[in-house]
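Chemist: The residues making up each chain are set out below.
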Amino acid sequence: MLSSPVNPRAPVADEADPNSTDSGRPSGFGGQVWCSSLADLVQLECLSGTRTAVRVASRGNEGYLFFDRGRICHAVCGDLSQEDAALEMLAWDTGNFEQANLDWPNRSPMTANWQELLMNSAQRRDEAARPPSKASDATPPESLKRVVNLKNSSAPPKPMRPTRTRSDAPAAGPSARPVVPVFPVVPVLASPTARQAPKASVLLGPNGEVLGAKGEGERLVALGAYVRRLCDLLARELGGEAASGFECLLGDRRLLLEIDDQGRCLAIETQRDVEIEVARRWLSESPLLSKPQAEAPVDRSDNTLRGRGLGRG
Amino acid sequence: MAKWRLRELFWRSPDDPTAETAVEPTDGDEPVAPSNEPLPLLRDVQGVLGSLVISPGGAVYARDLPPNFDEHKTARLAQRLAQLYETLAGEGGHFEAGTLQYQGHQFHVSCADGGLIGVLTEQRVNLPALAMALKVVARRIATAQMTLSAPRIEEPA
Numbered sequence: 512m513l514s515s516p517v518n519p520r521a522p523v524a525d526e527a528d529p530n531s532t533d534s535g536r537p538s539g540f541g542g543q544v545w546c547s548s549l550a551d552l553v554q555l556e557c558l559s560g561t562r563t564a565v566r567v568a569s570r571g572n573e574g575y576l577f578f579d580r581g582r583i584c585h586a587v588c589g590d591l592s593q594e595d596a597a598l599e600m601l602a603w604d605t606g607n608f609e610q611a612n613l614d615w616p617n618r619s620p621m622t623a624n625w626q627e628l629l630m631n632s633a634q635r636r637d638e639a640a641r642p643p644s645k646a647s648d649a650t651p652p653e654s655l656k657r658v659v660n661l662k663n664s665s666a667p668p669k670p671m672r673p674t675r676t677r678s679d680a681p682a683a684g685p686s687a688r689p690v691v692p693v694f695p696v697v698p699v700l701a702s703p704t705a706r707q708a709p710k711a712s713v714l715l716g717p718n719g720e721v722l723g724a725k726g727e728g729e730r731l732v733a734l735g736a737y738v739r740r741l742c743d744l745l746a747r748e749l750g751g752e753a754a755s756g757f758e759c760l761l762g763d764r765r766l767l768l769e770i771d772d773q774g775r776c777l778a779i780e781t782q783r784d785v786e787i788e789v790a791r792r793w794l795s796e797s798p799l800l801s802k803p804q805a806e807a808p809v810d811r812s813d814n815t816l817r818g819r820g821l822g823r824g
Numbered sequence: 004m005a006k007w008r009l010r011e012l013f014w015r016s017p018d019d020p021t022a023e024t025a026v027e028p029t030d031g032d033e034p035v036a037p038s039n040e041p042l043p044l045l046r047d048v049q050g051v052l053g054s055l056v057i058s059p060g061g062a063v064y065a066r067d068l069p070p071n072f073d074e075h076k077t078a079r080l081a082q083r084l085a086q087l088y089e090t091l092a093g094e095g096g097h098f099e100a101g102t103l104q105y106q107g108h109q110f111h112v113s114c115a116d117g118g119l120i121g122v123l124t125e126q127r128v129n130l131p132a133l134a135m136a137l138k139v140v141a142r143r144i145a146t147a148q149m150t151l152s153a154p155r156i157e158e159p160a
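In the order they appear, the protein sequences are chains A and B.
Numbered according to our numbering, the first sequence spans residues 512 to 824.
Numbered according to our numbering, the second sequence spans residues 4 to 160.
So that you can see chain A by itself, here it is in the shape it has in the complex (with noise of 0.2 angstroms):
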């Protein structure tokens, strides 16, 4: 939990009027602002468009996050900058945020969003709590079911709530944060790389060698070769010398190859309801292809994925 230090029961800032500024004070409200992560303070902060800058306290740990115009632009953790020090204050747990009044740094502004942002967050923390062999499991983790709309969860979806109509951050002193009336978090728009990433993957050699697999891509191993063979055959019935790709719905399945110039196969398995486009991207983009074809093929008389790239996320 992160709190905001302003004691809940002093006095709040021009309550009688919230719009005179007449104390030199700024306009708006004051009050204690409870959020349950940093997550939900990076929402509010980025949704309501604001320019200014907060410090984050845990633990004898702080650090500085700068938002702008619905942008973390920047961010400082002691050594740590930007990307790298904005995910690891997002990593913290609990402690206590304040409005800052710092110079702004000169530098360019962050490249990432703040939604990838806190995806990255989400997934970082996951991993790291969960055992490293299901570090590669393709289930969404919790937080970052807690952070994005998932497409199929069983909740419905948030209404948005109106934007705040707190006005620009006042350049305030130290300890008057103005206050943020706390709603509920506005989800973000679902991320396809969680939810819709391949159940399982492998990469066959031109002879069905695995050179690769991720997620279940064990059992892929022979479907995809003779798939993959009758492919070349079919084409081959067709008219033409060899199958190029080849794609198909089994079931709650789809399974997906594709071969590229050196002959190598990659075979994809994802779920029905993955869009289509969606798991040709996975096609076109997976790590698999990328790597470096392996010396030798890897022993498969023993049934099992070792060797190169074997079981890694």
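Honestly, I wouldn't trust all of these hints.
[Said to hold, decoys possible] Quick list of simulated restraints, FRET-style, between CB atoms:
1) 617/A / 135/B: 58 to 68 angstroms
2) 750/A / 43/B: 18 to 28 angstroms
3) 616/A / 131/B: 23 to 33 angstroms
[Stated by the list, open to error] In silico negatives: residues of chain B with every beta carbon more than 12 angstroms from chain A:
4) 60
5) 142
6) 147
Hints in this document: simulated from the structure, not taken from any laboratory.
Just so we're clear, the structure is a prediction, and the values are computed from it rather than from any experiment.
A virtual CB, placed ideally from N, CA and C, is assigned to each residue, including glycine.
Knowing the structure of chain A, use the given hints to seat chain B on it.
Modeler: Coordinates of chain B only, in the frame set by chain A:
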């Protein structure tokens, strides 16, 4: 759906005066002649070069393929297609449809009642239109099957 139904739809007795040249069937039944009625519909779609209908066992029920696909070649193609279907259907999932890509062409396979429809196309084909045309063809097949399977009412003597 029973295999014979699809077969009955596409094959006619050689005694039928409208029948074309008799073709030896590959699954051992009496010689019958092909009726390719619904298949030319698919050629209406841009990029479609031809099509055929086969049984899951590889018997050719109907064909509307380019002239270079003679009887022998078509039979071999059907056997390969059946082999692929058998492989995929045996992997625990119901095979519904597939697309093979090879040198500038595609071969689409769609599962119909009691058989498979294969469609040869160019690389650039109007896929949504092809999907719809396949639905229409499949519907025609289903309608014809229902007609064939309906009990006949004998006229009183």
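Chemist: Next, verify each hint and record whether it holds.
Modeler: Here is what the structure says about each hint:
Between residue 617/A and residue 135/B the C-beta distance comes to about 59 angstroms, which sits within the given range of 58 to 68 angstroms. The given range of 18 to 28 angstroms is respected by residue 750/A and residue 43/B, whose C-beta atoms sit roughly 21 angstroms from each other. Separated by about 51 angstroms at the C-beta atoms, residue 616/A and residue 131/B break the suggested range of 23 to 33 angstroms. Non-interface call for residue 60/B relative to chain A: holds, since the shortest CB-CB distance, roughly 16 angstroms, exceeds 12 angstroms.
At the 12 angstroms boundary, the C-beta of residue 142/B stays outside the reach of chain A, the nearest C-beta of that chain being 19 angstroms off. Non-interface status of residue 147/B relative to chain A is upheld: no Cβ of that chain comes within 12 angstroms, the nearest being about 25 angstroms off.
Hint compliance for this structure: hint 3 is the single one not met.
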